[in-house]
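Student: Protein sequence lines, in the order shown, are assigned to chains A and B. Residue numbers 1 to 1037, in the working numbering, belong to the letters of the first sequence in order. Residue numbers 1 to 219, in the working numbering, belong to the letters of the second sequence in order.
Hints are not guaranteed to be accurate.
[What the hints assert, rightly or not] As a list, the in silico DSS-like pairs of lysine-lysine whose alpha-carbon atoms are at most 25 Å apart:
| # | chain 1 | residue 1 | chain 2 | residue 2 |
| --- | --- | --- | --- | --- |
| 1 | B | 156 | B | 135 |
| 2 | A | 124 | B | 156 |
| 3 | A | 204 | A | 927 |
| 4 | B | 135 | A | 954 |
| 5 | A | 144 | B | 114 |
| 6 | A | 124 | B | 114 |
| 7 | A | 124 | B | 44 |
| 8 | A | 597 | A | 398 |
| 9 | A | 144 | B | 135 |
| 10 | A | 1000 | A | 778 |
| 11 | B | 161 | A | 927 |
Treat the hints as calculated values from the structure; they're not laboratory data. Note that this is a predicted model, so its numbers are computed, not measured.
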Amino acid sequence: MPSLRPEDMNITRDDLMNGHRPGQRATILAPRGDDPVQQQQNEVFDAELNRRLDIGEVREKLAGKEGPAFWQSMEELSEHPDFTELMEREFPRMAPRFSEVDRRGFLKLMGASMAMAGLTACTKQPTERIVPYVRAPEEFIPSKSTFFATSMTLGGYAMGLLAESHMGRPTKIEGNELHPASLGSSDAFAQAAILGLYDPDRSKKVLQQGVPSTWAMFRNAMVAQLQMELNTQGAGLRIVTEPVTSPSIAAWIHRVMERFPRAKWVPYDAIGRDHAKAGAQAAFGEHVDTIYHFDRADVVVALDVDFLGEGPAHVRYARDFSARRNMAEDGVQMNRLYAVECVPSMTGATADHAIPMRASDIEKFARAIARYLGIDAPGTDLDASRAMHAKLIADDLKKAGSKAAIVVGERQPAAVHALAHALHDVLGAAGDAVTYIDPVEVDAPERQSSLKELAEDMEAGRVRAIAFLDVNPAYNAPADLNFASLMEQVPFKAHLGLYNDETAQLCHWHVPMTHFLEGWGDARAFDGTLSIIQPLIEPLYDCHTVHEVLAATLGDEEQSAYDLVKSYWQENGLADEKAWRRVLHDGVWEGSAFPAKDLRAKTRIDASHTQESGLELVFSADTATWDGRFANNAWLQEMPRALSKLTWDNVVMMAPSTAEQLNVAKGDVVTLTVEDRTVNGPVWVMPGHAPDSVSVQLGYGRTAVGAVGNGIGFNAYALRSSSAPWIQPRAQIALAGERYPLATTQRHHQMDGIKDRNLVRIASLDYFLKNPAFAHKKSHDPKEDQTMFPLYDYSQGYQWGMTINLNTCIGCNACLVACQAENNIPVVGKNEVANGREMHWIRIDRYYSGDLDKPDTHMQPVTCMHCEKAPCEPVCPVAATVHSADGLNQMVYNRCIGTRYCSNNCPYKVRRFNFLQYTDETTPQLKLLRNPNVTVRTRGVMEKCTYCVQRISKKRIAAERDHRTLQDGEVQTACQQACPTRAIVFGDINNPDSEVTRMKAHPLNYALLGELNVRPRTTYLAKVKNTHPAWAGEPKA
Amino acid sequence: MAQVFGPGANTLAKLSIVLGVFAIAGGLALLDSVSRSSYVRYTKLARPQPVPFSHKHHALMGIDCRYCHTTVEEHASANIPPTSVCMNCHTMVWADSPMLEPVRESWRTGEPIKWTRVHDLPEFVYFDHSAHVNKGIGCATCHGRVDEMPLVWKEKPLYMKWCLECHRSPEEFIRPREDIFNMAYKTPANQPEVGAELVEEYEVKTYNHRLTDCWICHR
């Protein structure tokens, strides 16, 4: 009898999936201390948990370095032996699955498993059935995929997408090349949206106070209630929605307002664009939207904004902006980006000069720049070094003239937005690098009220019936409004949403909402372009659209969502069936973008209130959960955040100097207090964060979203007040006395070469222009024939290769989530991420260089290099990884026995092993999600990037069928297709005209760890930074 | 004390050791041949179907394979036809036959017919019909004389070893494109020459053992 504990015999698949001991369900949070196995797992957290990092020590180490030093984390810099252990042991202390096994028991187990492994082969193949249709829909062929155009909205704004459908169910999302907000690319949110569709935790039934009901019952109740409201002309009726760009929804709201003249519409977004709107109002006297043309901008100043990473147009802006930084293309005039930011972001990482500055101080800085350029913007003077920077920026802007762009973030007050408009006016950029259009968002100023006004009405008892349409104010409203408790006073509450969330649980009626992939609708993009949202699949559950609920409020005869949308458009320009089909097919209505307006801005900005000094608390929308809506999306939760590489948590971020001042270390739990509200959260020390400032991410601490998202992180909304939703002065912070384990991937899969192997190669623009081949200066790559192994003939057929351009990569994680979606990559949960077992095939390494407080940040996506002389191939005992004739390093799952020698040998550490049964093989919705062209891996097999061989095969076979060769660009890997900036180029290196051949011939091209002579097929294009020559501290080559 | 082991015990001991070796070897041989038998591999075993569809009968009537298996030349899956294809004829032909009652019921109720899968590859094998059909592999090469099967059986084992026979030397099995759907095609005596020519003409990628790359079939 092996010495397994009795409880071990009850390990369920569920536990295996979550990597937990039997009896514990979904403890994705901190492991419990009493369980001995969990304690052993804690040891892995050790380096992060029990060893508090001494920042002073780290500073000393950094000061002593000569030349450019690249480092990924401060622990690594400290060179403390506990931290270096993680580097040396690729698989950090493996938490044993059994508590104690003695020698005899171990041998018995091994013998039994050997015998049983052999027996598994002796089975008959189970009988399968083929079940065709009765009347097959056209185009529904088992191996064929079809693409349909639709759009995804975030905060009301649309991004056009193509959804790939297999046998009538969507499995992958791509960008729509015809759509201006996408241009064929997408972002992490769009890629993860497919998991949102199939989320098993989505609400499935209409609920009446928690009891399942039907749509018909809801409709009757709604109609009856609103009949009553007619008596008061709707004085007690409120409709709360997201910001609306959809013309059809706007029309329906208008009709509701007409029927109920005293009702109010509350467009509400926890993130919103209130300051931007107020700024435009102040500058122009009217509300306008700003569109940036980064392809035309020579100098860009980003004031507390991550325009590359968030916002309705961020994918488009990333593309345009990066095109001006791509030094691998000829004739590109490199732009220059100054990022003044409080919280480090992707924009700051890409910037030539990232200036950490307290959010409250940014206005002062902006005013100083404005004054240098002749704008009347009174404000206090800056200190000497800041003043110098402001002058340099102002001069640069002046030189750029009409090719300058100043982008301002929502966090900054309206005055800064107005300032930016004034600057554009004075520089002449309005009309060139920046244009203005009518607002895309629909406004109805007389009929609108803000959330604050709504709260006041609710408190006064004036609200009798309220409908929440895809909003969740009970969770994300500012805490001082006490919205959840105010809701109790409203006699009739209805909620429409994807989840039975915090607001739904307080409402009388909850109706499941259709996901955008299963419902009809329409929306406008950031520039006004209209697209129709069409479904890829019938609603999975009893779901309904916003249109249907609004129609129910009117008591109209019931129509389907399709009829509601189509009938609107038939009356508004798409009466012609052919035109309607064309718009559906293309995913855009060509020519529907709003025209540019000719405007002059006020160049006098009023004096602002004095800024408070002292510790400020700053709120950020999270790059994974946004405002909390994606909290149940495991792909996004497990996505390592761009700068911190954190997963599954939000943190209290602060600069190293602030941490030293407060005497806190990473992982310490602190209590944040704003007025009388307190929240506890773990500290994260973030190099590059503004000093005297502490930032928290919104969108966590949810209580009613699903098994994945509940209880993850802390709820930062509890600290938010309606008067200061973004920058909270006078916050207090104190140590709570606990430690909290954080799962970050920043130190996982480290390549042995960070110190001396020039993993990231970077130079200033001047240096590059004089030495275009700087990337090869220090490399010692061996010659072609310098090898023991026989040379292989790669001259025939297609030879696949890839380049990743470090100039244009912004680290946005779109490729990471796209790869996860395309290749059925499982999610492993927080504990396993902490063990270093995250399964993402592509990882984005983030390196810092320079000063601890003001580092330069570099992003480097790393996938399987498909080495021509792959070190993983000779060591596999069962030949499960071999090389193909077209240059791919093949991973054959059915041969793999899980030795993990290949991963041991890989210098890039790109191989991922299924240590546990990570893949959920039972939940039915997730079976629909999977890509049928990629094998779903079980426990015990190794996997890695395949250069999307399923895509290569599909296109290759199609070409052979048509008796032609593949064109360049026909085969696109998932990561390449998702990348907003087109940093990843993939193609046939045997084709002299392909883009990848051109990139590889460029002097900037270098191989990662090239001196190991593994001949990687994926190479990198070195990074060039356009630093200002007079600015102190430019990067050395 | 009485002896526990009689005089024959020594002989028995020696015999059982020797026979034991043969028993184990025999047992393994038995396992081996059972696993290669048609019981386990389902070869030459006509599988019962919900409707006794006879390819022999329909092919004899001159219906081309592609009338039902519509996508064999364009897609990976050859496509088992939906009930509507059967009913294209059987609303008029043999419209009252009791044998066709399951088909008519499927048509009436909208419940699909659940055929038993005869040619079933494991899930980790990604087979593409169009690649084979367009490159000169006839239906009968892998599926046998389906046009002579009153009920379909698996003619070939479809083991990887069998697939590799062709993938290693396609010139032994390739046939002209005009004869793909010709079930009666006989391999000519000069197949090596004809085959080599066709491999060249149809651009079958045999350089660097391309056809035996793992990822051709296993992704």
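Student: Assess, step by step, whether the Cα of residue 144 of chain A is no farther than 25 Å from the Cα of residue 114 of chain B, and give holds or violated.
Tutor: holds, 21 Å
Student: Check whether the Cα positions of residue 144 of chain A and residue 135 of chain B lie no farther apart than 25 Å.
Tutor: holds, 20 Å
Student: Check whether the Cα positions of residue 156 of chain B and residue 135 of chain B lie no farther apart than 25 Å.
Tutor: Given pair residue 156 of chain B, residue 135 of chain B holds - Cα atoms ~20 Å apart, limit 25 Å.
Student: Quickly compare the C-alpha distance for residue 135 of chain B and residue 954 of chain A to 25 Å and report which way the hint goes.
Tutor: Holds - the C-alpha atoms of residue 954 of chain A and residue 135 of chain B are around 16 Å apart, at most 25 Å.
Student: With a cut-off of 25 Å on the C-alpha distance, tell me whether residue 1000 of chain A and residue 778 of chain A pass.
Tutor: Holds. Residue 1000 of chain A to residue 778 of chain A sits at ~18 Å (cutoff 25 Å).
Student: Does residue 398 of chain A lie within 25 Å of residue 597 of chain A when you go C-alpha to C-alpha?
Tutor: holds, 23 Å
Student: For residue 124 of chain A and residue 114 of chain B, compute the direct alpha-carbon distance and say whether it is at most 25 Å.
Tutor: Holds - the C-alpha atoms of residue 114 of chain B and residue 124 of chain A are around 21 Å apart, at most 25 Å.
Student: For the pair we were handed, residue 124 of chain A and residue 156 of chain B, check the Cα-Cα distance against 25 Å.
Tutor: holds, 16 Å
Student: Starting from residue 124 of chain A, check that the Cα of residue 44 of chain B is at most 25 Å away, please.
Tutor: holds, 15 Å
Student: Holds or violated: are the alpha carbons of residue 204 of chain A and residue 927 of chain A at most 25 Å from each other?
Tutor: holds, 18 Å
Student: Quick one, are residue 161 of chain B and residue 927 of chain A close enough, alpha carbons at most 25 Å?
Tutor: Answer violated: residue 161 of chain B to residue 927 of chain A is near 31 Å, above 25 Å.
Of the numbered hints listed earlier, the single one contradicted by the structure is hint 11.
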